[in-house]
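Visitor: Protein chains in written order, with my numbering: chain A, 17 to 264; chain B, 29 to 455.
In case anyone wonders, no lab produced these hints; they're calculated from the structure.
Check before you lean on any hint, since a few could be wrong.
[To be verified] Partial list, computed: chain A residues near chain B (C-beta under 7 Å):
#1 39
#2 125
#3 178
#4 183
Each residue gets a CB set at the ideal place from its N, CA and C atoms; glycine is no exception.
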Amino acid sequence: MEKPDHILIVDDDPDIRELVVDYLSRQGLKASGAADGREMRRVLSSERVDLLVLDLMLPGEDGISLCRELRAPGRPPLPIVMLSARSDEADRILGLELGADDYLPKPFAARELLARVNAVLRRTRMMPPQIAAELPCSQLRFGDWTLDTVARHLVDVAGTVVPLSGAEYRLLRVLLEHPQRILNRDQLLQLTQGRDADVFDRSIDLLVSRVRQRLRDEPKESRYIKTVRNEGYVFCMPVQPVVAETSS
Amino acid sequence: MSWPRTLSGRLVLILVVSLVLAQALTFAFVFAERGLAMRGTMVDYLAADVASSVAMLDRLPVAERAGWLEKLQRPNYRLRLGATGEATASAGELAQSVATALSQSLSQPVAIVGAREPGVELRFALHLRDGAPVAVDVMQPRLRISPWLAAALGLQLLLLAGGCWVAVRQATRPLAQLAAAARALKPGQPAASLPQDGPREVAEATQAFEQMRQRIAEHLEERVEMLGAISHDLQTPITRMRLRADLLPDDSLRDKLLADLVQMQHLVEMGLAYARTSQAIEEPEVPTDLAALLQSIVADYEDAGQAVHWLGGPTATARTRPRALHRAAGNLIDNALKFAGAAEVDLQRQSGAVVLRVMDRGPGIPPGDRAKVTRPFYRVEGSRNPVTGGTGLGLAIVQRLLVHCRGELVLAPREGGGLVASIRIPL
């Protein structure tokens, strides 16, 4: 029998920790809890952990600094789902840009947490590690455009902000992270699946055409996203990542 | 004339009237003083003059006397021959002094006679050496005012009135500005800053007003923060309750509890969103493609399976805070979905502005409630029930966000029924 995945929950509220551990254990996962960063490191050094559920607000070292530490170069990749009582978008973005794989605002349903945990585990297994864990950067430059990965919008040469929907952003982000590489529809679907996982309803083709429209790109003679018949799409422009120190 | 209504009118009236009165009084004093001085010199000079005239008449033959009278006449007195009536006892101080001076220079008693002729102020009776009676008529002094004096006076009054007006304006204009600022003060909106450079009293009033405005703003912010703090702290117990409910074996009980918790969570989220509108100002203002903004919002709703449709619109770019505007438009769409189940979104260009419109076929908002629906926790009577009803914060959040987006919320009935909620952004 396959060994169950080990989920570590880092939350300072003992009740929430206990309830989550209890629920995940009932769902056939191995779950344990840690109240703060110190306990978390102790568990990580002694046991194999497959996924970390990390609360943003912790006494002492907060979730942000712990996440940063775990994402430091040289550390083994560890999937992280962030939790926070602050459901502000800024926190969500911050969590994801620091390298968290998903974010769940409090209050959450146990079933939703389970779904996220399973989705993140599935996603990180499917993609090779070098694709799964990309370096956090705040801007991606290509052609006439800059994608702001903090504010999740495009900026043109004139400085005009072009907002993107969640699915549009995720698709573009995936394409930009794999330039000159053909991605098939299944890969794109998996990679662009986010929190609002109803993108299934829309075909990837429609999403691509929407992103092309945002980029003011001609479908016939596309400068950015080329269609590869029977295979998928390829982003055909060099991408230059820009890492900004402060991103608010 | 009725008492003016304005402070400036009253002040100008009081100042001008009292200045005119003071001027008139000064003028009268100067006039009287000049008259007195003239008389003093006149008395001495009159006595000597009359003595020489009388000496001449003494030497003239009786027949020629009458012919010389005219030549001896002076602007301020004249001589007349013959008896002149009764001596009077009730003589003034001036008459007494003239009579004394005359009798000294003529070395004879001089009687003061009551005169009834117009222009004659005093009459004195005396005798020539041959005993013939002679009367001296002292004419009323005439003071002439030169025309330039009148002009100078008029000019002076004009200057004074002008000065008054300027002074009064100095005092009352900052008051008018203060009143305008007080009137323009709306909760959640930054007030126009007032000039602090007026006269000290007015500057102090302005400062006091500014402090009051700040206190009100702080008070409002405190209220908002309190709502935010309560909402925030409720999240942890709600999380626990949700997790506990998930562990319940009884399905129907669990579902009811979860439904209640979803409602509580919604309230908490709206409370937090309302409190967080204060942070909108921290987002930088950037030129934003408004059509792309609306399309991206609509796409998110479509992806979530909601009946939100994009009806199109021109390309339009405006300087705004895209995230705050995104949230405001999202709240309007949420409202439409709540009351009508569907929403249509478009973009229009109107005179000097871009208008983002969210339209529905719901019950709309009665005209009497349109101004009130942006108040926190205000709910339109009868249109809400505990199940579909919102928190009464949605439009209040929109209103607060738009303050920072250079936008304005306009609610209007839709042709054929429903509501058009527009965000107007001036270009």
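Visitor: Each of the hints needs a verdict: does it hold here or not?
Guide: Each hint, compared with the structure:
1. Annotation: residue 39(A) was flagged as interfacial toward chain B, and the flag holds, the nearest CB pair being 6 Å apart, inside 7 Å.
2. Because the beta carbon of residue 125(A) sits about 6 Å from the nearest beta carbon in chain B, less than 7 Å, this interface hint is met.
3. This hint holds: residue 178(A) has a C-beta 5 Å from the nearest C-beta of chain B, less than the 7 Å allowed.
4. Hint on residue 183(A) holds. Least Cβ distance to chain B is approximately 5 Å, under the 7 Å limit.
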